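Chains as they are written, first to last, in numbering that gives the first Met the number 0: chain A, 0 to 400; chain B, 0 to 258.
These are computed hints drawn from the structure, not numbers from a lab.
Model, not experiment: these values are computed from the prediction.
Using N, Cα and C, we set each Cβ at its ideal position, and we do this for glycine too.
Errors might be hidden in some of the hints.
Below, a sample of chain A positions facing chain B; criterion: calculated Cβ distance under 10 Å [to be verified]:
no.: 1; residue: 20
no.: 2; residue: 166
no.: 3; residue: 224
no.: 4; residue: 281
no.: 5; residue: 300
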Amino acid sequence: MQTNLRSQAGPYFGEFGGRFVAEPLIAALDELEATYLAAKADPSFVAELAELHKTYTGRPSIITEAQRVASQFGDMRIFLKREDLNHTGSHKINNVMGQALLAKRMGKKRIIAETGAGQHGVASATAAAYFGLDCVVYMGEVDTERQALNVARMKLLGAQVIPVTTGSRTLKDAINEALRDWVANGDNTHYLLGTVAVPHPFPTMVRDFHSVIGIEARAQMLELTGRLPDAVAACIGGGSNAIGIFHPFLDDQDVALWGFEAAGDGIDTPKHAATLSRGRPGVLHGARSYMLQDEDGQTMESHSISAGLDYPGVGPEHSWLKDLGRANYFGISDAEAMEAMRLLSRTEGIIPAIETAHALAGMKHLSTVLPAGAHILVNLSGRGDKDMETAGKYFGLLGDK
Amino acid sequence: MSITNDVLERNKESGRGTLIGYYPAGYPTKQDSIDSLVAMAENGCDILEIGVPYSDPAMDGLVIQHATEEAIANGFKLRDLFEIIKGVREKVDTPLLVMSYWNPVLSYGVEKFSEDLVSSGAQGMITPDLIPDEASKWIGLSDQHNLDRVFLVAPSSSDARVENNSKSSKGFVYSVSTMGITGERTELDRIARSVVSRVKSLGDTPTCVGVGVSTADQVREVNSYADGAIVGTAFVKAYQQGGLAGLVSKTKELAGGLG
């Protein structure tokens with residue numbers, strides 16, 4: 000097996016990645032890449048971001064062992080990396096603070112962002128408020144309805160939320176609209192992308208900003224248990240939280256990596272978002288990667304109860320890790336995810352985001368493929384406050400309205 | 000050699016100028032799009048651009064987005080594209096270029112797509128989301144099949160990219176100035192002139208311009224500094240408002256701006 004998997008800097012990960020975008024965007028991507036590379040090598044940037052994470056994001060995030068959940072699945076130990084305790088409630092803030100600093104360096108006064116579940120939009124609106132930037136968030140109309148609380152949060156933070164009414168009116172269409180805005184306003188605007196499923200340099204840069212999750216967790220696990228975990232697990236839509244926790248473990252060959260994607264109504268039904276399990280390579284939103292498409296290369300609509308995983312593409316590095324056999328990807332249905340959400344809430348007193356619940360639901364599968372006594376590190380990527388409307392309806396908790 | 004290039008050069012030398020008309024394949028049906036493209040050719044378009052409907056047209060404006068969404072909803076399939084091209088070819092011999100986002104081509108197979116372009120009678124392809132840096136396979140195949148290959152240059156492109164994208168193009172290079180930009184007509188023309196003059200100073204590839212042209216005067220103006228005016232939205236709107244007759248009269252009107 001290749002042993003330098005961590006050193007990939009893009010634009011390509013094997014045959015995946017690249018920049019399949021219109022020429023008018025190239026200058027902005029080039030400017031961003033140059034700014035990022037300079038910042039990455041500048042100790043003052045690294046120190047400023049670390050200080051922000053310490054005093055604002057709330058890093059390092061803690062590890063909680065979930066003994067009662069583990070006992071449900073058999074002989075295993077489950078460790079939760081608590082990204083849900085970050086400011087704004089998910090891992091998304093890690094990347095946002097990094098990119099907001101880059102926007103400042105580039106002298107951009109306005110940021111735009113896309114959002115699905117609203118977590119990235121909230122994090123972006125938060126950074127904009129903190130740094131005094133104008134902020135516009137594009138969000139599919141369908142998602143503005145199912146994530147209404149996050150829309151309110153973004154507005155309270157001073158951001159403008161634009162509902163997108165084209166196409167399937169979800170995350171993929173929000174990205175299309177944000178790209179149009181960026182083409183028009185690249186001079187004064189930074190597109191603060193929250194996913195890795197897009198053109199270079201984003202997959203590399205967003206991964207680097209999120210790799211703080213895995214770097215911390217790897218050290219914490221060594222300290223806590225005296226060894227590396229047997230498996231690292233995360234939910235995966237575009238793949239930002241998964242690559243953030245996977246990346247520092249890529250060259251630890253004995254650590255299995257598991258990404259759990261949204262299988263919606265079921266992996267064998269037409270209604271799912273299981274891009275890596277059921278898609279094939281193509282080009283979407285500027286990167287070559289696995290994607291859900293019909294026989295003509297038209298993007299297919301994805302389906303998931305979780306807005307954050309409801310996306311027909313995935314980051315190119317995940318496609319590469321899948322084809323290399325370094326990471327495994329497995330589909331979790333809506334019903335399995337909701338059951339896991341309830342389980343973690345009832346047994347550990349932690350309400351996870353529905354996205355995150357997909358990773359927890361994956362423990363059942365891992366109990367069948369890992370040896371007895373296995374240690375599993377799970378990225379608890381976000382909290383479920385935003386999902387109370389969906390969960391309330393699903394579990395019948397809201398009574399008659 | 001390129002027939003498209005010949006038409007542009009001939010029209011430039013004669014002082015006529017060139018009108019390039021875009022229309023989406025399969026809009027609103029397969030036969031309608033054949034009729035529309037034939038009518039555009041017969042009434043003054045010197046070069047035809049046939050757009051491939053795509054689910055994520057991130058670089059198109061709303062008018063064209065809605066038209067291509069409708070084509071897909073009406074059952075457009077990629078194999079229909081080549082039937083439509085053949086249908087147009089049976090009636091007119093106007094140079095015809097396909098304009099497609101990259102994933103449909105990739106999915107169809109770049110090699111088979113190239114072969115079918117040739118066998119259906121198209122002259123080549125415009126690739127809005129494929130930059131030369133990512134296009135080695137298409138560059139090889141289009142050379143092999145003697146197909147036109149049109150890349151884009153933008154106001155934000157560096158001189159090195161303007162030069163490379165122009166040299167990598169065959170037929171002409173597409174100067175983009177409106178993409179996403181909303182502004183006064185005079186400002187759009189100023190930006191377009193600046194892109195074109197950079198293309199001209201860095202090589203000898205002809206360049207055509209899309210600047211939201213919708214009147215005969217604008218066709219004339221664009222042809223005063225570029226090798227051709229590309230019109231899309233105005234034709235689609237004309238069809239939406241007046242059907243084939245509306246499209247014919249819009250084509251005649253815009254061709255009136257040629258010398």
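Item to check | Which numbered hints fail | outcome: 3
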